[in-house]
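Asker: Heads up: the sequence lines are chains W and U, in that order. Reading the first sequence from the start, the letters are residues 1 to 581 in UniProt numbering. Reading the second sequence from the start, the letters are residues 1 to 285 in UniProt numbering.
What the hints contain is simulated information worked out from the structure, not anything from laboratory work. From the three backbone atoms N, C-alpha and C, an ideal C-beta is built for every residue, glycine too. Any given hint could be a false lead.
DSSO-like cross-link-like pairs, simulated, lysine-lysine; straight-line CA separation at most 27 angstroms [unchecked claim]:
{"hint": "1", "chain 1": "W", "residue 1": "K4", "chain 2": "U", "residue 2": "K214"}
{"hint": "2", "chain 1": "W", "residue 1": "K4", "chain 2": "U", "residue 2": "K274"}
{"hint": "3", "chain 1": "W", "residue 1": "K176", "chain 2": "W", "residue 2": "K366"}
{"hint": "4", "chain 1": "U", "residue 1": "K95", "chain 2": "U", "residue 2": "K76"}
{"hint": "5", "chain 1": "U", "residue 1": "K274", "chain 2": "U", "residue 2": "K214"}
{"hint": "6", "chain 1": "U", "residue 1": "K39", "chain 2": "W", "residue 2": "K366"}
{"hint": "7", "chain 1": "U", "residue 1": "K274", "chain 2": "U", "residue 2": "K219"}
{"hint": "8", "chain 1": "U", "residue 1": "K39", "chain 2": "U", "residue 2": "K95"}
{"hint": "9", "chain 1": "W", "residue 1": "K378", "chain 2": "U", "residue 2": "K76"}
{"hint": "10", "chain 1": "W", "residue 1": "K366", "chain 2": "U", "residue 2": "K76"}
{"hint": "11", "chain 1": "U", "residue 1": "K214", "chain 2": "W", "residue 2": "K366"}
Only some residues are given here: those of chain U computed to face chain W with a beta carbon under 8 angstroms [claimed, not checked]:
{"hint": "12", "residue": "E51"}
{"hint": "13", "residue": "A55"}
{"hint": "14", "residue": "C56"}
{"hint": "15", "residue": "L69"}
{"hint": "16", "residue": "R91"}
{"hint": "17", "residue": "Q165"}
{"hint": "18", "residue": "N168"}
{"hint": "19", "residue": "T173"}
{"hint": "20", "residue": "A175"}
{"hint": "21", "residue": "S189"}
Ranges of calculated distance between the beta carbons of each label pair, as one might list FRET restraints [claimed, not checked]:
{"hint": "22", "chain 1": "U", "residue 1": "R67", "chain 2": "W", "residue 2": "M211", "range": "48 to 58 angstroms"}
{"hint": "23", "chain 1": "U", "residue 1": "P9", "chain 2": "W", "residue 2": "G200", "range": "56 to 66 angstroms"}
{"hint": "24", "chain 1": "W", "residue 1": "G377", "chain 2": "U", "residue 2": "R11", "range": "23 to 33 angstroms"}
{"hint": "25", "chain 1": "U", "residue 1": "S108", "chain 2": "W", "residue 2": "R424", "range": "43 to 53 angstroms"}
{"hint": "26", "chain 1": "W", "residue 1": "R548", "chain 2": "U", "residue 2": "G80", "range": "26 to 36 angstroms"}
{"hint": "27", "chain 1": "U", "residue 1": "H262", "chain 2": "W", "residue 2": "Q581", "range": "50 to 60 angstroms"}
Below are the chains, spelled out letter by letter.
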Amino acid sequence: MDLKLLDAVASHEEREAVAGFAGGGRDQLLPALHAVNDRVGWISQGALNLICETLHVPPADAYGVASFYSLFALDERPERVVHVCTDLACRITGAETVCDVLTEHVGAAGKARGGVTWLRSPCLGVCERAPAALTFQAGDPATTELLAPATGASAVLAAGRAPAAAEGAPPVIHQKEGLRLLRRVGVVDPSSLDDYRATGGYAALRNALRMGQAAVIREVTDAGLLGRGGAAFPTGRKWAATAAQPAGPHYLVCNADESEPGTFKDRVLLEGDPFALVEAMTIAAFAIGARQGYVYLRGEYPRALRLLRNALDVGRERGFLGVDVMGHAGFSFDIEIRRGAGAYICGEETAIFNSIEGFRGEPRTKPPFPVEQGLFGKPTVVNNVETLVNVPLILTEGAAAYRSIGTEASAGPKLFCLSGNVERPGVYEVPFGATLRELLALAGGVPEGRSLRAVLLGGAAGGFVRPDELDLPLTFEDARAAKTTLGSGVVLVLDDLADLGGFLLRIAEFFRDESCGQCVPCRIGTVRQEEAIRRVLAAGSEEQPLLREVGGVMRDSSICGLGQTAWNAIESAIDRLGALQ
Amino acid sequence: MTTVDIGIPRRLVEFTVDGETIRVPEGSTILDACTAAGKDIPTLCYGDTLEPANACRVCMVEVEGSRTLVPSCSRKVEPGMVVHTDSERTRTSRKVVLELLASATDLSTTPGVAEWMAETGADPGRFGPDAATVAQPVLVDNELYVRDYGKCILCYKCVDACGEQWQNSFAITVAGRGFDARISTEFSSPLPDSACVYCGNCVEVCPTGALSFKRECDKREDGTWDESRQTATTTICTFCGVGCALTLHVQDNEIVKVTSPHESSVTHGNLCIKGRFGWQHVQNR
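Next up, chain W with everything else stripped away, as it sits in the complex (with noise of 0.2 angstroms):
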């Protein structure tokens, strides 16, 4: 293939920020794309011809790329971009607050000025310290600043100065007792091997070598694993159908692309116990005979980066990753990080495939499913943070001691992410089974003087629960019995002061953001569910039976679970919670 290039020509900054990429082929596209972003803070023509050239990509292939990602710039951008979530947590919590005091002293949301430029973001996944902002600064190196909590004294004074690498705190559990999947978040020293050792790390991996590849997978098929991510497919199952795939290579990708608005379980994981995941999924990769493995990690997540980055680093350097996997003989494993470029759609099992190989991140029809034709169109096992970090669990407890936490069809611990109007929001660890009054309970319930109108389970894609349906055990059976569901884990507490009709209208403009626009139900479909929102609110007008058929078609027709899942929340809340009347 000839490329033909547009008359434009590389900056000296952009041929330092492309030039690692030489040889390098199409699933480098994403990479090349950031390392321009972060650079410059932009992708300017030049920029993309020389991507273009080192990868070898049509120029019009790489432009529709670049554009689909939110975090990339085609237009000139200033250097730095101080991110303000408005997001479901963020909204309630004072977010416009920030939002109007920017404005006022920084100038219009998108409008640069000085060098910097703010904008309206979504969910950056930090809700347990709601409001947040989030800096980038363009450089060699780029930098990042969160600010969690933000305030407007606190995001004018970002936007003022170049960030001060500062990511944030580490994350804090509140609850003491009772921890398997947190117990070293916040104990153990996250960058260090030692430390994770010192507390049975590894130790798993140990035991799924001795044992086989076929005896892992019984283990973790006999342990009852539901997937965390949202989805609850049996983890087993997905691993026996991908080993038993006689097609090769095989390949192992972990879905930290946690974008779903009010989760941050996977975020707290990766920045309190990142071995604990390369572990994992080196174990998966051992069962399903994987040699190379990608954690997918939204790009809104600098510490966690730094992190897992470290983590591969060491665990290379130590014989845990690499050739002969602890000197297992014959067992080799790396793994690559990818990072996200602001795009919810990734966290899609088969986007993420595209994603990473280059493409713009838009679903593929299934089937054929992932563990047919997945990355790079092989065998692949797509498992989200939270569900591999049970594992090393399962391998060193036993399947029996496993299963006997939760309830018969819902195995084990699982982790909840509580924000909103709550006492002590953070992530919480219960067995399944757990009613939603005792989690709450946990977190401190509504502050004081307040009371609870409603809860957010499963986040934009979930439903709402009621305060007389506290009752309900977080389970996979009885949260779908209860026509809720539990998504990845988010709960979101409202109270009888929160705005729920404005709540509702940022749902439905969060789904019409993010959809890739692929099919007509979904892309279109979400546009005029928001309208159809903002003339309820604005004029009172009766739009459920144009909310309703648009949404059961965009259920039912979509190709895949955003626009299926885009009018849950708002159906949940009409139906159950009487909104939008």
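Chain W is fixed; fit chain U onto it per the hints.
Answerer: Showing chain U alone in chain W's frame:
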């Protein structure tokens, strides 16, 4: 000796459509099977010479046991599958999908849509007068094509035909995302600055008239385009030795358009710039 490739023998698969048992070769899509059985499932993004993009969601059918509806253009028939093409669910979905499309896009030159909308009772007006649309100025930046993206339904066919499925020019792509997704060259540059080689294969596959030949577009505008006065003659292109099949569309003894039959084993509907546009000399009388 002439050899005829009859392909590898394929097993027949039995399944049910709207209560009728049908046997089709293994690997057939539901759409293939239904079309062969004389059923009419509407489609927009389906291309007879392209891999299904299944983006328009007009051809959705109900498959028993499936949580959602499934695109008939890309789902393969499985033994024992029970399919409903005309249930309450499929009719509602088709109606709403057409309404959504028609409320955002100018479908005035899309064949079939008006009939399907009448059949399903689709009323795009119910989204109100302020419903967002993709209306935008028509792009005319070269002598051969007109791009009217206000009519674009994002079926991906032009991108696929320009890219790896046929032409390998990769001049156009889908850029942006969500409602802002659009067909674009890099940095929205004019077509002459792009990698476009003017083969016209994108125009050939466009189902809505968002892409059209300038000649046809001009004649439509001045009111002289009249298909009832046109004849179509298929012949062989004389420019090189490949032997592409050309269909010359002639009106008033003048070539007004050149296409190629999709069933031609040489072209599958594709041509190069010479075959597609190199006919002016024929008329230099």
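Asker: Does each hint hold? Answer for all of them.
Answerer: To see whether the hints hold, each was checked on the structure:
Distance check on the hinted pair: W:K4 and U:K214 sit about 24 angstroms apart at the alpha-carbon level, within 27 angstroms; holds. Taken as a hint, the W:K4 and U:K274 pair is honoured in the structure, with Cα atoms around 20 angstroms apart against an allowance of 27 angstroms. Restraint check: the Cα-Cα separation between W:K176 and W:K366 comes to about 43 angstroms, which exceeds 27 angstroms; the hinted pair is violated. Taking the CA atoms of U:K95 and U:K76, the gap is about 24 angstroms. The hint holds against a cut of 27 angstroms.
Between U:K274 and U:K214 the CA atoms are separated by roughly 16 angstroms; this keeps the pair inside 27 angstroms, and the hint holds. Using a Cα cut-off of 27 angstroms, the hinted pair U:K39 and W:K366 holds, with the two alpha carbons roughly 25 angstroms apart. This hinted pair checks out: U:K274 and U:K219 have alpha carbons roughly 21 angstroms apart, not beyond 27 angstroms. For the hint pairing U:K39 with U:K95, the CA-to-CA distance comes to about 18 angstroms; that is within 27 angstroms, so the pair holds.
With a CA separation close to 20 angstroms, the supplied pair W:K378 and U:K76 stays within the 27 angstroms bound. Restraint check for W:K366 and U:K76: the C-alpha separation of about 11 angstroms stays at or below 27 angstroms, so the hint holds. A C-alpha spacing of about 39 angstroms is found between U:K214 and W:K366, which places the hinted pair above 27 angstroms, so the restraint is violated. At about 10 angstroms, the closest approach between the beta carbon of U:E51 and any beta carbon in chain W exceeds 8 angstroms, and the interface hint on this residue is violated.
With a least beta-carbon distance of about 5 angstroms to chain W, the hint placing U:A55 at the interface is held under the 8 angstroms criterion. Residue-level restraint check for U:C56 holds (minimum Cβ-Cβ distance to chain W is 6 angstroms; threshold 8 angstroms). A least Cβ separation of about 5 angstroms between U:L69 and chain W falls short of the 8 angstroms threshold, and the interface hint therefore holds. Interface hint at U:R91: violated, since its Cβ lies 11 angstroms from the closest Cβ of chain W, which is beyond the 8 angstroms cut-off.
This hint is violated: U:Q165 has a C-beta 14 angstroms from the nearest C-beta of chain W, more than the 8 angstroms allowed. Given the 8 angstroms rule on beta carbons, the hint for U:N168 holds: about 6 angstroms separates it from the nearest Cβ of chain W. Given hint, U:T173 at the interface with chain W, holds; its Cβ is 3 angstroms from that chain's nearest Cβ, closer than 8 angstroms. Using the Cβ-Cβ criterion of 8 angstroms, the hint placing U:A175 at the interface with chain W is satisfied: the shortest such distance is roughly 4 angstroms.
Below 8 angstroms, beta-carbon pairs count as interface contacts, and U:S189 has one with chain W at about 6 angstroms; its hint therefore holds. The hint said 48 to 58 angstroms for the Cβ distance between U:R67 and W:M211, and at roughly 36 angstroms that hint is violated. For U:P9 and W:G200, the Cβ-Cβ distance of about 58 angstroms falls inside the hinted range of 56 to 66 angstroms, so the restraint holds. Judged by the Cβ atoms, the range 23 to 33 angstroms given for W:G377 and U:R11 holds: they are separated by roughly 25 angstroms.
About 59 angstroms separates the C-beta atoms of U:S108 and W:R424, a value inconsistent with the hinted range of 43 to 53 angstroms. Between W:R548 and U:G80 the C-beta distance comes to about 33 angstroms, which sits within the given range of 26 to 36 angstroms. Checked against the given bound of 50 to 60 angstroms, the beta carbons of U:H262 and W:Q581, roughly 53 angstroms apart, stay inside it.
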